[in-house]
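Can you build the whole structure from these sequences, using the hints too?
2 protein chains.
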Amino acid sequence: MSLILPATDAEAPQRRERSVDRILQILEFLHGHGEGIRIGALAKALNAPRSSTYTLVNDLTQAGLLEISPDDGRIFFGKRMYLYGLNYIRENSLAKRARMEVDRLAKETGETSEFCMLQSGRYTIMHMRPGNRPFRISSAVGLQIPIPWTASGRLLLAGHDRAQIEALIAEEDLVLPDGRRIDIDEFIDAIDHARRDGFCLTKGLVDAVTQCLAAPIYGAEGNVEATICLVLPIDLSDEQTAALRETLLDSSSRLSAR
Amino acid sequence: MSLILPATDAEAPQRRERSVDRILQILEFLHGHGEGIRIGALAKALNAPRSSTYTLVNDLTQAGLLEISPDDGRIFFGKRMYLYGLNYIRENSLAKRARMEVDRLAKETGETSEFCMLQSGRYTIMHMRPGNRPFRISSAVGLQIPIPWTASGRLLLAGHDRAQIEALIAEEDLVLPDGRRIDIDEFIDAIDHARRDGFCLTKGLVDAVTQCLAAPIYGAEGNVEATICLVLPIDLSDEQTAALRETLLDSSSRLSAR
DNA sequence: TCAAATTGTCCAGTATACAGGACAGTCGTC
DNA sequence: GACGACTGTCCTGTATACTGGACAATTTGA
Chain X
-6 MSLILPATDA EAPQRRERSV DRILQILEFL HGHGEGIRIG ALAKALNAPR SSTYTLVNDL
54 TQAGLLEISP DDGRIFFGKR MYLYGLNYIR ENSLAKRARM EVDRLAKETG ETSEFCMLQS
114 GRYTIMHMRP GNRPFRISSA VGLQIPIPWT ASGRLLLAGH DRAQIEALIA EEDLVLPDGR
174 RIDIDEFIDA IDHARRDGFC LTKGLVDAVT QCLAAPIYGA EGNVEATICL VLPIDLSDEQ
234 TAALRETLLD SSSRLSAR
Chain U
-6 MSLILPATDA EAPQRRERSV DRILQILEFL HGHGEGIRIG ALAKALNAPR SSTYTLVNDL
54 TQAGLLEISP DDGRIFFGKR MYLYGLNYIR ENSLAKRARM EVDRLAKETG ETSEFCMLQS
114 GRYTIMHMRP GNRPFRISSA VGLQIPIPWT ASGRLLLAGH DRAQIEALIA EEDLVLPDGR
174 RIDIDEFIDA IDHARRDGFC LTKGLVDAVT QCLAAPIYGA EGNVEATICL VLPIDLSDEQ
234 TAALRETLLD SSSRLSAR
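Chains as they are written, first to last, in my numbering: chain X, -6 to 251; chain U, -6 to 251.
Since the hints were derived computationally from the structure, they do not count as laboratory data.
In the BS3-like style, the derived pairs of lysine-lysine whose C-alpha atoms are separated by at most 27 Å in a straight line are:
#	chain 1	residue 1	chain 2	residue 2
1	X	K100	U	K89
2	U	K89	U	K100
3	X	K196	X	K100
4	X	K89	U	K100
5	U	K196	U	K100
6	X	K100	U	K100
7	U	K89	X	K89
8	X	K100	X	K89
Some chain X residues close to chain U (C-beta under 7 Å, calculated; not the full set):
#	residue
9	V13
10	A56
11	K72
12	N80
13	Y81
14	E84
To list a few chain X residues with every Cβ distance to chain U over 10 Å, as calculated:
#	residue
15	N40
16	S44
17	E101
18	R126
19	I138
20	H153
21	R155
22	I158
23	L161
24	D166
25	V168
26	R173
27	R174
28	F180
29	D185
30	T234
Don't be surprised by glycine CBs; every beta carbon is placed ideally from N, CA and C.
Here you go:
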């Protein structure tokens, strides 16, 4: 979908770029890159003029949206970006309620709980609260994970047709961390099952010792707007799993638009 | 401003503004405003042309940095802003460590714990973890509070001279929620005391039933880079307070640059 | 030790993004 | 049901922000 234009656009039609777009490219690159980068390298990566990159990055740094490490000049996201981001949680009622619900759920069940959404076609953990097991099963908040690796992903794709799904899933996303490959037809089947069941359970996808139990949060039009899920050890009894599922479904219906 | 303009230039210097600046203005206004605003009102508030505001807001919305409520068209911060902001916590080592420390401290003491910084001259709660008292004493993360109302504020101003302090504190910030007025000389005295003591305790400032115990986090040059603090009920015994202070000072020295 | 590469800053010309206004549609309110 | 206020979209001319290149200072590394 490329809201952000790929900067690697063939050679030199040399369009002059709006600073808005340049800013969005910078932020997006920084987010994807995952670590600090120096201005020169950034300009090169974005195929942007050095001078423009300098002025923009300096402007954003002055505003506090970015920070430049005084040691080596590498660029990071800044305090102000964090503050602005917090407003999202405060203001967005679903996100806010979901956050509280996840915290409650983790406390009640003692299991790691997560709130997830599709973020421009990428699976994203919006909020997470670790459980209190000795071995903490947890993933980092804000990470973007291939959709097919997760139970939540199967629910979030409910209502999409085959073409949309195929467009959304990159080829390499079907390969699990241990090298196994998910068959696209089985995957689409699983999505359909998840939609009908109103929940989804996957075992041993990301690693061999965990299972993931996810429930949909419905939007006003009956679409799956987000999910809430539990990350569990794989060796629970059927009764335990069933009880957790009931609790989880309670939470999800509380969060869904009626 | 506009000291430079010839006096007869009177109305509407109508500078053309860079979109970077417009974007920063929009974000900052939205942050300060605290709730959604419609595009028209935003343009008016910023004294910006409507058309430019429309295109910019739409660009930012498409990128996911902002969101427009489908009901009434009001603008809010978006998911992507939240994701970008999370990177700050992940990448910035002080913020990251402080967050963990605050969580640990709240768990160990059972009291509400906070991590605070000056953010461009404003006192800001960067992270907070509520304690487990029946009456939860807690303030919202990301809020900006007048510096003189807090114990942390007194520590954060350590090392500033009188002129800097006076420049930083607005007249109305000296008035407490209950109408009492803090004397500027006493305030500067308190800052000096806090600096020498290496911690700060304030009682009954923001409300009558809480006290605030803060400890400094020192940067590499010995400056107070941030604080970590406990929000406590006002009627603790001296022993309890002393024990909490030791625990807090442990945390703060762990976070300080050696 | 001397190139080669990189960093941060500055400048001038021009492609173009912004300001301003027009327009049709939609609310409210009197 | 006529009026004012607002919303969202589109168009045009021009003020200017962006680009490209040049520069000195610094770092790399051979």
